[in-house]
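J.: Taken in order, these protein sequences are the chains called A and B. The opening position of the first sequence corresponds to residue 1 in our numbering, with each subsequent residue numbered one higher. The opening position of the second sequence corresponds to residue 1 in our numbering, with each subsequent residue numbered one higher.
Since the hints were derived computationally from the structure, they do not count as laboratory data. For every residue, glycine included, the Cβ atom is placed at its ideal position computed from N, Cα and C. Accuracy of the hints is not assured; some may be wrong.
[To be verified] FRET-style restraints, in silico, Cβ to Cβ:
| hint | chain 1 | residue 1 | chain 2 | residue 2 | range |
| --- | --- | --- | --- | --- | --- |
| 1 | A | Lys108 | B | Lys631 | 36 to 42 Å |
| 2 | B | Ala182 | A | Lys9 | 55 to 61 Å |
| 3 | B | Asn371 | A | Asp29 | 41 to 47 Å |
| 4 | B | Gln594 | A | Lys108 | 23 to 29 Å |
| 5 | B | Lys631 | A | Gln54 | 54 to 60 Å |
| 6 | A | Val139 | B | Ala49 | 37 to 43 Å |
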Amino acid sequence: MIEFNINDKKVKAGAGWSLLDTARHYGVDIPTLCYHESVAASGACRLCIVELKQGDWSKLVASCIYPVQAGINVYTETKRVQNVRRWIFEMLLSACPASGEIRRMAAKYGVESTRFPIHDPDQTCMVCGLCSRVCEEVVGLSAISTVDRGVHKKVSSPFLRPTDVCVACGSCVSICPTGAMQAIFDSVRGKPTMQLTQLTA
Amino acid sequence: MANPGTALKREDWRLKSAQDLAALQNQILASRDPERPEIVVCHGSGCMANGSPKVTDALRAALTEAGIDAKVMPGIKTTGCQGFCSRGPLVLIRPQGLFYEQVKPKDVTEIVERTIMAGEPIERLLYKLPETGEPVLTEQEIPFYNLQQRIVLHNIGKIDPADITDTIAAGGYQALAQALTAMDPEQVVAEIEKSGLRGRGGAGFPTGRKWRSALNAVAKKGRPIYVVVNGDEGDPGAFMDRTIMEGDPHAVLEGLIIGAYALGASQGYLYVRAEYPLAIKHLEIAMSQARELGLLGENILNSGFSFEVQINRGAGAFVCGESTALFTSIEGKPGNPRPKYVRSVEEGLWGRPTVLNNVETWANIPLIIGNGSDWYAGLGVPHSTGTKVFSLVGKVNNVGLVEVPMGATISRIVEEIGGGVPDGSPFKAVQTGGPSGGCIPYHLKNTPVDFDSLTQAGSMMGSGAMIVMDEGDCVVDVGRYFLRFLEEESCGKCLPCRLGLTRMREILDNFSRGQGSEEDIEDLISLAQAVQDGALCALGTSAPNPVLTTIRYFKEEYLAHVRDRRCPAGVCKELITYAIDPELCTGCASCARQCPNNCISGEKKKPHVIDAALCIRCGICKETCKFDAVKVS
């Protein structure tokens, strides 16, 4: 067992646990959107950020991927943590205004409106990548992935075309935290315009 | 490649010991006549773009035509970037060491007739001292060069990078021979530790400590371990690494092989961006020539140590210069960074211990091994040893590549070596470290340029780009430029970076239109801190630096935008108007002819006027006017 402190309380973690695993084990609340226990953590949404402190030194880390170390002091509700969280929620409200889940979660942490312009009122996808991770890691296929980069990043099947690699298992839909995958799903498993598997046979 | 000495068969070229290498060097030097005239033409990317290959061709033709006796026939050598890019194409005449600038193909006949045959300098082509207008003959008399301390760049501009005999004549691979024959790997690592060398890629992590941690990781996890060169130089305005790879590829290779020997690696990677075709070409030539001489590959110099290296081309993503994104890119996956809570020296390329260093860092290794760590630690300042290469660009007279000891002040680099701002006014700010760095204002011009002082000033060393700005540059516009760049270049994985950079840019867009309030400036700072604290990799955590430093040092200018709806630098289009001064306007109408929106009118030889309602504020009229009659307010 590895002993350390969360919010000044002593906690014990098993080998290989992350900070988030330990915090949740002890009932300490940390919000997450891109985390799911069935796939590897990726540290993309950054909502699970916590502050490590040692005297004057401090550092913010993503708790879902930070391996526990003996003797560290973890704080989940500092000013810096709240500042990051607040801005992420506010930006999510403008980027994915149609997601009820995001609205509820943001409201829980005190963010109910956004000062940013809404460019797409129907958007629900925040490109957390859970769908593509579950497809690759659990289903064992890679029918979808995040494509492009930066502001243009989105979830899609290869070459933005329907693919017969998709077996329509629906894992991506059920893991999606915002319900966005329901809409994307149809464009993934539509009738392939090109039989990739036949070409390679 | 040129035949090294008198060896006849290819297999005979393989050097079998350090003595062989020394013998080859002596043989090459003995075969050269130091008094033989030589014309050196700069073939760095800058000079090539300015037409230096045409100058070289013209020189070849002119020499043949002049029918000079074979005994005194001068050699023509093409080298990597000589540094003084704004004066290119550059031509040096040896042995006199004459320095000719801005040479055109039409000048070459005169060069051959007067300088080569008659031995007299051509005044028109010489560099003139800016204060006195006096022409000077040689490089050593030019302040741009004689105020520098060229250590890493010592070979560049002197050797032909595509000919290994030139490198060997200049002492190349001697440090490798010394490491392989006289030092054990532990001694090499200890030497690097003692030198105090810090990584030249930007963060300044001590190289020796990185190597030591990698050795510890290998002790725990076993081999293989990989060594990687980060040649994915992507900062706007940076061209240090490109110049080193183009101009002295063997220095990078030698450093890498020494590192591989010290760390016990048998495979290395050169990750070079595909936008650097000349660098890739020269590295490929260097690799094959080193292989032929037995300096790379199986059983190097018969020491029993074998090492292979391959080139990976980056496909144009800025984020792939970040270490973990670079690894996933080499692995054949999309270049997304991964969290670095487990360090790359323990879990890097293919999950193995990996040492990744920047091009300039690797090029420093042979110098440290060859001259000793004490010599190296004596250069620069105690916590930042050695020298640093900077690319000096923007509103500065002497655009080019400079190398100075660490701790030289900004004033020395920008004003003394760089010659200051073209119109003679003091510079407004210097942006160091590219999009991840910050702006340092004029009143801090005595800040020593070393890792710690720059961080203290809110900027960072970065890879070494220095962008000089004058009063005509608007800090809001500069912030927008860097954010737009990073918005496109962010991998998009983590939310603070993907969403935050766009939101920050949108706030600045509003400022540039005169919208927003003082409260918005405070919000911008708060959001910038959230991005700094929250982003996954160094691209995101450092992205707010340009904005934060400009708010810190130029808050008045931000306030002018939001409070007074005014852009003091006259850059933000929606806050400025163009007007013609009737006193100065001669009515030549050249601005009216150039105006793309046809909004300038007036009678011939009478003052013209701009229709402000139609004006798109492109600034072409101002550039066109010979009488400085177009004013911005």
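J.: Evaluate the given range 23 to 29 Å for the C-beta pair formed by Gln594/B and Lys108/A.
T.: For Gln594/B and Lys108/A the Cβ distance comes to about 60 Å; the hint is violated.
J.: That 55 to 61 Å hint for Ala182/B and Lys9/A (C-beta), does it hold up?
T.: 58 Å, holds
J.: Is it true that Lys108/A and Lys631/B lie within 36 to 42 Å of each other by Cβ?
T.: Distance hint for Lys108/A, Lys631/B is violated at roughly 56 Å.
J.: Please check whether Val139/A and Ala49/B have a Cβ separation lying inside 37 to 43 Å.
T.: Between Val139/A and Ala49/B, where Cβ atoms are some 51 Å apart, the hint is violated.
J.: Verify the CB-CB distance for Asn371/B and Asp29/A against the hinted window 41 to 47 Å.
T.: 58 Å, violated
J.: Indicate whether the distance between the beta carbons of Lys631/B and Gln54/A respects the range 54 to 60 Å.
T.: 58 Å, holds
Checked against the numbered hints given earlier, the structure breaks hints 1, 3, 4 and 6 and satisfies all the rest.
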